[in-house]
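Trainee: So you can see what is in the structure, the chains are spelled out below.
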Amino acid sequence: MAKSAEEEHPQKAVGWAARDPSGVLSPFKFSRRDNGDNDVTIKILYCGIGHTDLHNLKNEWGTSLYPMVPGYEIAGVVTEVGRNVTKFRVGDKVGVGCMIGSCRSCDNCAQDLENYCHKGILTYNSAYYDGSITFGGFSDKVVVDHNYVLRFPDNLPLDAAAPLLCAGITVYSPMKYFGFNEPGKHLGVVGLGGLGHMAVKFGKAFGLKVTVISTSASKEKDALERLGADSFLISHDPDQMQAAMGTLDGIIDTVSAVHPLQPLINLLKTNGKLIMVGAPDKPLELPIFPLLMGRKLVAGSGIGGLKETQEMVDFAGKQNITADIEVIPMDYVNTAMERLAKGDVKYRFVIDVANTLTC
Amino acid sequence: MSKSPEQEHPIKAFGWAARDSSGVLSPFQFSRRATGDEDVKFKVLYCGVCHSDLHCVKNEWGISNYPLLPGHEVAGEVTEVGSKVTKFKVGDRVGVGCIVGGCHSCENCNNDLENYCPQSVQTYNSIHFDGTMTYGGYSDIMVAHQRYIVRMPENMPLDAGAPLLCAGITVYSPLKYYGLCNPGMHLGVVGLGGLGHVAVKFGKAFGMKVTVISTSPNKKQEAIERLGADAFLVSVDQEQMQAATGTMDGIIDTVSAEHALAPLIGLVKTHGKIVCVGAPEIPPQLPVFPLLMGRKMVGGSLIGGMKETQEMIDFAAKHGITADIEVIPMDYINTAMDRLVKADVKYRFVIDIANSLTQA
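Chains as they are written, first to last, in our numbering: chain D, 1 to 359; chain R, 1 to 360.
Keep in mind that the hints were calculated from the coordinates and are not lab data.
Hints may be right or wrong, so weigh each one.
Straight-line Cα separation of at most 35 angstroms, DSBU-like style, residue types lysine-lysine; simulated pairs [as the list claims (entries may be wrong)]:
no., chain 1, residue 1, chain 2, residue 2
1, D, K209, R, K269
2, D, K204, R, K84
3, R, K209, D, K282
4, R, K269, D, K307
5, D, K307, R, K209
6, R, K342, D, K119
7, R, K89, D, K87
8, R, K209, D, K119
Input sequences plus hints: build the corresponding full structure.
Mentor: Right, dumping it as structure tokens:
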């Protein structure tokens, strides 16, 4: 008979989990494996909340397994290291992002692109090597193979740095891969949420001109005055969009709701690139003519490899870049999820796990 | 009162043009400008028949101006050069492709990307800077600015080389730009027509493995035995497509009929690229998840700049690459167009202008 979540591993753990596609979270007792030779055990201090957590909790992609403990923007301190672990010591400030395992032998893994490994193991809702289902960071501790642990620089506050591990890398990786890290280029950012606001910050740090493209006029002041964006376009204002045609070298599109691509493609210059990092659950219409007329492309990107994630965190440390967050207690999480569904947060909720997770 | 096509320029010319969207072509008297300082005038010997010619004579894109004289795969011999022309002389074998003018001052023109210039003038159905309509290569003579003249190497036959001026550059340019040109890579080619068959040839010349993806199983033998493709997938065969999942570095999609992108996205490896050079009228559906999961991309491309067109011609000559053609007399053109609608040609019609374009 299969063991319960509480019994399958030797270390007791507590967290909050959803039991069904209502997505409502509540206290949950489970267990973590013993710290193996290659493992690092982390006492979780903070965990960011991403829109993907919401999609997963409600089984919007049809792949959810319950009970589900979400959370993949984990920040905490090391409490134990296995004997093969040299990179980390007890007391180190560390984090875990979206992935905690991969095959380590395919072409992608060999190029530090574990995020594109066909056998990638996600931090939660995934089958681990031992067959057990992974549980994420809405919990008191996690045990992770040292290859999937990130080090935080001392100067970054852990609560505001936690969202770098998903939101940060998700925009940083394609910005580098597609060349939007060279000063002087003009980048559009569609959607000003968790991902979008990080893209604006990284964009300015790279020396780019940044234009935010949004449906919400109410976000303009913040975008320009606080985040440092150079300009702001209301996407449903035809005059503004017309005036901006052919001005952008690239666009990072963070929006996961279904939306039209043609107006965005029109904003691009010749050779322009529209990079999707949000995943609409229905296919979008792709007008091919505009791609031909301007040699433009539409591409996708998903998080980043571990090496690049560490590089991004180090860059953020040097540039003092963290997320803009609203810290919440664990028992606020269901309300937070409802607000997140409406985009009502500037710009990431972070759970104060250490101080508020009681079971 | 504006002048007629016969009178608007000083040099008499003759060709075949469509008068309306029936697309039926017939003899047409018109005129060419005098050879300017930077112009090259040449006697047209051959002109390829491109699917775009068909779209245009029938006004399928809604932008046709009649009378419409098509032809943008034009090859011939220089008969006169302007005083400032140094690169060409009388007797040279030359060609003209899809464009004959541009602003020469925008970022694109300055980067040898005249094809992306917002003011580019097309070889036919376009308004030239002097306000007159451009007429293409289904005609006896042409006059073009030297920047838009391509030298055809001595060892390249003009009839089989002419189609490279559109079909050739249309596939060559994106293969290079998107990096689908390195030995050992695996390229998919969707559609085996004028563009597709040339893509197979360039793909093999780049040292790549080439798989043709087609709806027609009867093209398989040709593709493998004559064109040199390594494999052939019938796109409506689910099992074949499934077995080829994640095997290609890139795909060049030459098909302009409506078709699905999702199966093609599945065929490319992670970081794979799908390049569209055919323009379907109905926008296809783009599933975004697979792009994110595999960092894949879908991009477009349109012919190429003049520098790259010359580079492509020289590359083709070096590797003995020309189009597979069916040479036709001028008065066969309407039948050829009917056959082109049904893709009944292996793989490009080329009009033998010099020997068959006669004044009635």
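Trainee: Each of the hints needs a verdict: does it hold here or not?
Mentor: Structure-based check of each hint:
1. A hinted pair counts as satisfied when its Cα atoms are at most 35 angstroms apart, and K209 of chain D with K269 of chain R qualifies at roughly 33 angstroms.
2. Straight-line distance between C-alpha atoms of K204 of chain D and K84 of chain R comes to about 48 angstroms, which puts the hinted pair past the 35 angstroms bound.
3. For the hint pairing K209 of chain R with K282 of chain D, the CA-to-CA distance comes to about 34 angstroms; that is within 35 angstroms, so the pair holds.
4. For the hint pairing K269 of chain R with K307 of chain D, the CA-to-CA distance comes to about 22 angstroms; that is within 35 angstroms, so the pair holds.
5. Straight-line distance between C-alpha atoms of K307 of chain D and K209 of chain R comes to about 32 angstroms, which keeps the hinted pair within the 35 angstroms bound.
6. Restraint check for K342 of chain R and K119 of chain D: not satisfied, since their Cα atoms lie roughly 45 angstroms apart, outside the 35 angstroms limit.
7. Among the hinted pairs, K89 of chain R with K87 of chain D is inconsistent with the structure: their alpha-carbon atoms are about 71 angstroms apart, more than 35 angstroms.
8. Distance check on the hinted pair: K209 of chain R and K119 of chain D sit about 27 angstroms apart at the alpha-carbon level, within 35 angstroms; holds.
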